[in-house]
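Given next are the chains, with one letter for each unit.
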Amino acid sequence: MKTAEHPEQASKFVANDQRAHWHDQALWFVREKRDRMAVSLPEWEQLRSAASQIKLHTVSRLADYLEQFEQNATKLGAVVHWARDSEEHNQIVLSLLQKAGAKQVVKSKSMLTEECHLNPFLEAQGIEVVDTDLGERIVQLRKETPSHIVLPAIHIKKEEVSETFHEHLQTEAGNNDPNYLTEAARNHLREKFLAADVGITGVNFAIAETGGLVVCTNEGNADLGVSLPKMHIACMGIEKLVPHAADLSVFLRLLARSATGQPITTYSSHFHGPSPGSELHIILVDNGRSNLMGSEQFRNSLKCIRCGACMNTCPVYRRSGGHSYGTTVPGPIGSILAPSRDSKAHKSLPFACTLCGSCTDVCPVKIDLHHELLEWRGEIHRRGQLPMSKTVPMKLTSWMMRSPWLFRWVGAIGKFCLRHLPRWAIYHGLNPWGKQREMPESPQQSFRQLYQIHESKKASDE
Amino acid sequence: MQVALFIPCYIDQLYPRVGMATLEILERRGCDVVFPAAQTCCGQPMSNTGCNSDARPLAERFLEIFAPYQYVVAPSGSCVAMVRKHYDEFLSGRPGFEELKAKTFELCEFLVDVLKVESWDGVYPHKVGLHSSCHGLRELGMGKPSELVGVDFSKPGHLLAMLDKIELVKPQRPDECCGFGGTFAVNEEAVSCMMGKDRLQDHLSAGAEVLTAADMSCLMHLQGLSARGKMPLQIKHIAEILNESEAKS
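So the protein lines, in turn, are chains L and G.
So the number in my numbering is just where the residue sits in the first sequence, counting from 1, plus 9.
So the number in my numbering is just where the residue sits in the second sequence, counting from 1, plus 117.
Derived from the structure by calculation, the hints contain no laboratory data.
Please note that a few of the clues may not be correct.
[Said to hold, decoys possible] Calculated lysine-lysine pairs in the DSS-like style (CA-CA distance at most 30 Å, straight line):
no. : chain 1 : residue 1 : chain 2 : residue 2
1   : L       : Lys201    : L       : Lys239
2   : G       : Lys347    : L       : Lys424
3   : L       : Lys399    : G       : Lys218
4   : G       : Lys218    : L       : Lys375
5   : G       : Lys218    : G       : Lys244
6   : G       : Lys218    : L       : Lys42
7   : G       : Lys347    : L       : Lys444
8   : G       : Lys261    : G       : Lys287
9   : L       : Lys201    : L       : Lys166
10  : L       : Lys375    : G       : Lys244
11  : L       : Lys404    : G       : Lys202
12  : G       : Lys244    : L       : Lys21
13  : G       : Lys244    : G       : Lys347
[Stated by the list, open to error] Covered, in the sense of this in silico footprint (three residues per stretch, anywhere, with C-beta under 8 Å from a C-beta of chain G), are these stretches of chain L:
no. : region
14  : 230-236
15  : 364-377
Quick caveat, the model's predicted, so the values are computed rather than measured.
By construction, the Cβ of each residue, glycine as well, lies at the ideal position given by its N, Cα and C atoms.
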């Protein structure tokens with residue numbers, strides 16, 4: 010799949026300066042809330058270390074823990090399915106829905122089903138899928154994709170929500186009151202909940218020791234969505250596992266604080282097998298994850314608990330918007346995960362980063378995100394996917410820098426040109442530096458020349 | 118104490134005054150400073166672009182050139198981070214490499230950690246905004262990043278705070294990236310410039326008259342934006358401020 014490159018998409022977003030700043034502020038607000046919550050726990054850094062170690066341990070023995078989970082979940086009465094990729098996942102969901110004779114499905118936010126493009130697949134089969142998370146529902150009505158994994162509609166202003174609801178839910182035109190709009194959505198969704206045949210949810214944590222799973226939501230929509238229908242399908246990536254129930258104490262404290270700056274999500278719903286008279290199906294999806302498991306360089310990214318903190322803190326994400334990444338998971342973590350599936354299509358993503366490292370420091374499970382992004386750049390070069398516009402200048406620069414006299418000579422010519430060429434010869438379409446920035450002023454002498462003068466002066470003084 | 122100056126390529130060519138300030142500061146503190154003339158570039162631009170095969174020969178040259186000296190000091194957190202944090206891929210196991218990593222310092226680090234500077238006889242009667250450059254902050258640990266929980270500190274901030282009459286202003290976002298990011302500044306021109314302008318605006322709103330950092334590359338980008346936008350802001354490397362303050366006192 011050919012995806013547009015990040016720089017062009019980003020520059021389109023930045024072109025609307027007011028909107029880009031509004032987006033940046035909205036996410037910075039969340040980042041600041043997260044900071045206040047983090048410092049309220051003096052043991053924050055220890056929690057991060059513990060979480061990182063638990064996840065690394067789990068990934069290193071993932072096959073064992075997955076089997077243990079399957080056994081225990083089966084004992085509890087759940088049916089466990091395995092999907093190698095998104096196609097298998099979608100087929101399994103479809104066959105379960107067909108078996109249940111389901112025509113209407115409610116879904117509580119699951120980025121995995123987004124990743125697998127489940128909605129269009131089911132809709133093509135004549136099944137109605139309703140996303141019940143408010144943000145997800147907004148983007149669904151607008152026929153968009155989420156632009157953030159935790160705040161899917163963060164790119165949409167309330168005025169736009171009002172327009173969307175007016176069109177689809179017949180709300181009053183021009184009424185932008187968030188309470189009014191939320192109430193309208195609530196009534197609309199309630200009908201969908203009551204009519205649903207099957208509820209699909211994502212999974213935040215699955216526990217090997219017990220076979221149980223945990224879904225965290227702020228709106229309670231996972232609970233509603235699976236309580237009324239007779240079938241609950243839980244879709245999870247294989248990396249969502251933790252070994253023990255006790256591990257949850259670490260992750261639940263970190264997750265909401267990192268994601269939205271809340272002490273804990275409003276609902277952390279535990280599911281241990283199906284409720285009486287119902288069915289619980291759990292689909293364990295690989296979809297490229299085991300490639301990462303086998304990779305020394307990128308294994309760390311499997312620790313991710315999808316809190317979105319790296320997006321909120323990323324100065325590039327905040328200013329370019331989630332859609333500029335062209336992937337289900339955007340931002341720093343998405344820029345690592347996407348190339349692992351298709352590095353050619355997503356080769357610009359590891360470069361959509363200044364390597365500032367803020368994502369690494371904010372990550373609750375200590376993924377060294379910016380180092381992995383740097384690793385990806387090297388990997389893209391090794392695979393021959395780096396464009397010539399990047400490889401040729403670097404090769405030439407490297408060649409020049411291996412020879413001090415050549416460096417001095419090129420430097421002198423460059424400085425001379427900067428000083429004497431007319432402005433039009435320096436500032437033109439081929440010089441992206443000069444579009445919004447002045448070039449550095451060019452001094453008469455280089456440091457090495459000044460140093461020689463300094464040294465000879467010192468020698469004559471002595 | 119013998120110190121080899123590591124003057125990043127773009128500072129050598131475009132900002133010689135920063136190199137001279139570094140030299141003068143160190144000499145005034147009794148260091149025997151030399152500039153190995155064979156040095157050129159540490160290879161960071163190539164490494165950051167993923168062209169590791171083009172960075173490798175420069176890393177090898179760097180080791181060869183700087184191995185003989187007691188200390189290596191550079192007025193650039195980013196280039197020092199390249200040596201200390203990213204050379205492993207090229208030089209791991211080479212004789213002298215572990216020593217090279219341990220003896221290569223950014224200027225502020227060297228002043229605080231090696232020379233143990235505890236007072237600075239300097240006057241700088243200006244409102245100064247300190248831009249915490251990411252690589253110095255997060256790769257070298259020259260301060261506490263705002264994301265981490267713990268005791269606040271900043272080595273460049275600590276040095277500046279010693280100057281008489283200086284007023285350090287506080288931007289709202291303490292350590293957001295300026296958007297330079299090496300080749301990012303060109304490849305992602307739109308986002309890069311938006312980030313830089315936001316950074317400048319944050320410091321201006323906090324009342325800064327002078328903007329400084331321990332990295333001239335960030336400042337080159339910010340200077341370019343500030344000059345184009347005709348902003349009332351002087352931009353100076355921290356070595357220039359420290360050096361000037363001593364000259365005035």
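For each hint, the structure was consulted:
{"no.": "1", "hint": "L:Lys201 with L:Lys239", "result": "holds (15 Å)"}
{"no.": "2", "hint": "G:Lys347 with L:Lys424", "result": "holds (23 Å)"}
{"no.": "3", "hint": "L:Lys399 with G:Lys218", "result": "holds (29 Å)"}
{"no.": "4", "hint": "G:Lys218 with L:Lys375", "result": "holds (24 Å)"}
{"no.": "5", "hint": "G:Lys218 with G:Lys244", "result": "violated (35 Å)"}
{"no.": "6", "hint": "G:Lys218 with L:Lys42", "result": "violated (38 Å)"}
{"no.": "7", "hint": "G:Lys347 with L:Lys444", "result": "holds (15 Å)"}
{"no.": "8", "hint": "G:Lys261 with G:Lys287", "result": "holds (15 Å)"}
{"no.": "9", "hint": "L:Lys201 with L:Lys166", "result": "holds (25 Å)"}
{"no.": "10", "hint": "L:Lys375 with G:Lys244", "result": "violated (37 Å)"}
{"no.": "11", "hint": "L:Lys404 with G:Lys202", "result": "holds (22 Å)"}
{"no.": "12", "hint": "G:Lys244 with L:Lys21", "result": "violated (36 Å)"}
{"no.": "13", "hint": "G:Lys244 with G:Lys347", "result": "holds (18 Å)"}
{"no.": "14", "hint": "230-236", "result": "violated (count 0)"}
{"no.": "15", "hint": "364-377", "result": "holds (count 7)"}
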